[in-house]
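Asker: So the chains spell out like this:
Protein chains: 2
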Amino acid sequence: MHAPSNLTLLPPLARQTDSKILFVVLDGLGGVLGAEPTALQRAACPNLDALAAESALGRTIPIADGITAGSGPGHFSLFGYDPVEVDVGRGLLEALGLGVDVTGRDVAIRGNYCTLDAEGRLLDRRAGRMATELAAPLADLLNEAIGRIEDVDVTVHAGLQYRFAAVFRGPGLDGHVADTDPQVEGVPPVPARALVPEASKMARIADAFAAAAREVLGDRDAANGVILRGISGRPSMPTYAEVAKLRPVCIAAYPAYRGVAHLLGMTVRDEIPSTASIADQVTVLEQTWKDEHDFYFLHVKKTDSHGEDGNEQAKAAVIEEFDALLPRIRALEPDVIVITGDHSTPGPMAGHSWHPVPSLLWGPWSEPDAGSVFDEEACHAGRLGARLPATALLRLALANADKLAKFGA
Amino acid sequence: MHAPSNLTLLPPLARQTDSKILFVVLDGLGGVLGAEPTALQRAACPNLDALAAESALGRTIPIADGITAGSGPGHFSLFGYDPVEVDVGRGLLEALGLGVDVTGRDVAIRGNYCTLDAEGRLLDRRAGRMATELAAPLADLLNEAIGRIEDVDVTVHAGLQYRFAAVFRGPGLDGHVADTDPQVEGVPPVPARALVPEASKMARIADAFAAAAREVLGDRDAANGVILRGISGRPSMPTYAEVAKLRPVCIAAYPAYRGVAHLLGMTVRDEIPSTASIADQVTVLEQTWKDEHDFYFLHVKKTDSHGEDGNEQAKAAVIEEFDALLPRIRALEPDVIVITGDHSTPGPMAGHSWHPVPSLLWGPWSEPDAGSVFDEEACHAGRLGARLPATALLRLALANADKLAKFGA
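Keeping their order, the protein sequence lines are chains W and F. The working numbering applies: residue 48 is where the first sequence begins, and numbers increase by one. The working numbering applies: residue 48 is where the second sequence begins, and numbers increase by one.
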């Protein structure tokens, strides 16, 4: 028996109703159980604990046991799209996240500015993690100098720090091209390599772009070249409306998460600045609540950022910040609440990990657990199970919101 | 996330032995855990509790987390056929769901009464979602007026609201016929189209049925025509004998469950009236026990019926009625006993639900749990797990009955 794909299972069952699902992603929420308490265990979060007392808890697996999810796949999984089935490239996610209007025929690349020596060998794959405001003008330089390669329009879009997205629009492009990033320093970037015959033109264009960028930036001491990663075309996948008949809205401050939302056809509240606090986001949630949406995706970034930095205290503080806002959120009276993460980011590991993610489902028929704590231990012992596939959360939320018809008369 | 299909896994391993499996389905057995006790928790069932003390318990998932099973898919899953993989046609499921005893040679259709204009164009595909009690007499009209087309007997069965099932019984019928539903209004229903050459007769009969229905209902302002959907014959799937080398027998009082049994090639004890009590069914079980069967499917309907009515006390009373008969059943000395449900039907929800189903496995090597209660909580905590795929129950029953050879020499 296969765990069936939501993409085939849900469309015939999904039905539109007025009930509202609030889907909160505390990015990188999970920790690792061991000698030290996790950030979630450190955090004093009376409101989350009170909600947990009325909720079913569990730990969710974004992809598979032992597999660490990136942010993109982690989110796709939460939204019910099996990331193994739906292979979304990082380049596309980056471009979407930067608000670029990527069409179905474009190919997108996630680039790094890098520092090369005179012989073209990599001295620093991230150009010293240069500041966003220093990197931004480089995109303008590249756009002015390049613009078009053969019959392909090229646009470069500044990202965070040393990152950029490049979008290639023209006939005959296929995104199945391997990265030019050798993953180590001391060697030159590798030439772009077509993974399928149809992608040979795109590989040629990618190499021409890297050469042109080196031409434009080559006089600089640092950030004088580019490496190209996550080269990808738009995957063929149904929208959220098509899968689940939802009218979803995304309330996220960071571009990458808006990118995922754009790709799924969600309405995206683009007015939220990347500096928005969680409270600012909750204000937008409140303003949007009366709109004709039935799925509210609220994304909190900084749990992950602090986990990546190994700062469990700061991560716990973000959880507490969210906890303090929970009464405002509950006052909106959503019909179903999910609180989860897209993956774990344990502080002691200072990076994403494969550990199951604490998850909470509140709804009229959620079968609440007996406890009143929201942490990894309680979730491990919870009703949703110690290793629920993350793709199941959406189904349970839809079921609790009465948005799924019976399978078979 | 994958689990192997029984349809490929079992045939090379299954072996016929004299051991007897008793497979009891208390329809809609499960409840929802929450503030109120479930029917199973309310019921005083000392014999089930005593059996539970010698059994492994668990909660089973018929299809997938969050997906509510209809009776047909719920039973297919219990019998080891993944309902997503087997793809039983909607027409067939509708007919089974309405209690029609469908044989392996019939074709069933799920129909809508619709409203057509004078030119035969669809004004309303669902006839204003007419009330069930208004639609029911239309089935009688159609049965009186039509009855037979060419050499095919036609019976129409009232469903919920604007829905009905029509069953076609006669030689040379094949269900591979496309819907006549154009999915939009303002155009006429499309003619039935055979998807394979063998289905041309059925397509012709379907069109003749739609024309005859238009003749009968045409004077009405609304619900003056039909559209035909989910046209389906017996799905191409192996029989129970082919999958598991079993010689199964069905002891069910309600037609729909006999229908499922017929489809799987079970022997069906047709002499049982639909008014039979559980005790009457146990008498048939006793009479059949010495026959050459090794799999006894005993179906109890009224747990579900009372759950659908929201009557937890009556549902609990049915469980108690079964419990009182358990000593007679155990006196037959089955080698393996399974007691489960095809889905949950919590009284507070007054309908089927997605909640995992309490399940019990008694056998020589079942690994009994420590407790001595049979209810949702004990099953949640039981050895079989909180969310065992229902398709696994058959494998565990066969294994305990020594009916499965080793996988790999």
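Do not take every clue at face value.
Some chain F residues close to chain W (C-beta under 8 Å, calculated; not the full set) [unchecked claim]: (1) Gly119; (2) Val131; (3) Val133; (4) Leu140; (5) Ala397; (6) His399; (7) Ser400.
For the record, the hints were derived by calculation from the structure and aren't laboratory data. Here the structure is a predicted model, which is why all the values come from computation and not from measurement. Think of the CB as a built atom: it goes at the ideal place given N, C-alpha and C, for glycine as much as any other residue.
Asker: Now look at each hint and say whether the structure bears it out.
Answerer: Right, here's what the structure says about each hint:
no. : hint   : in the structure
1   : Gly119 : holds, 5 Å
2   : Val131 : holds, 4 Å
3   : Val133 : violated, 11 Å
4   : Leu140 : holds, 4 Å
5   : Ala397 : violated, 12 Å
6   : His399 : holds, 6 Å
7   : Ser400 : holds, 7 Å
Checked against the numbered hints given earlier, the structure breaks hints 3 and 5 and satisfies all the rest.
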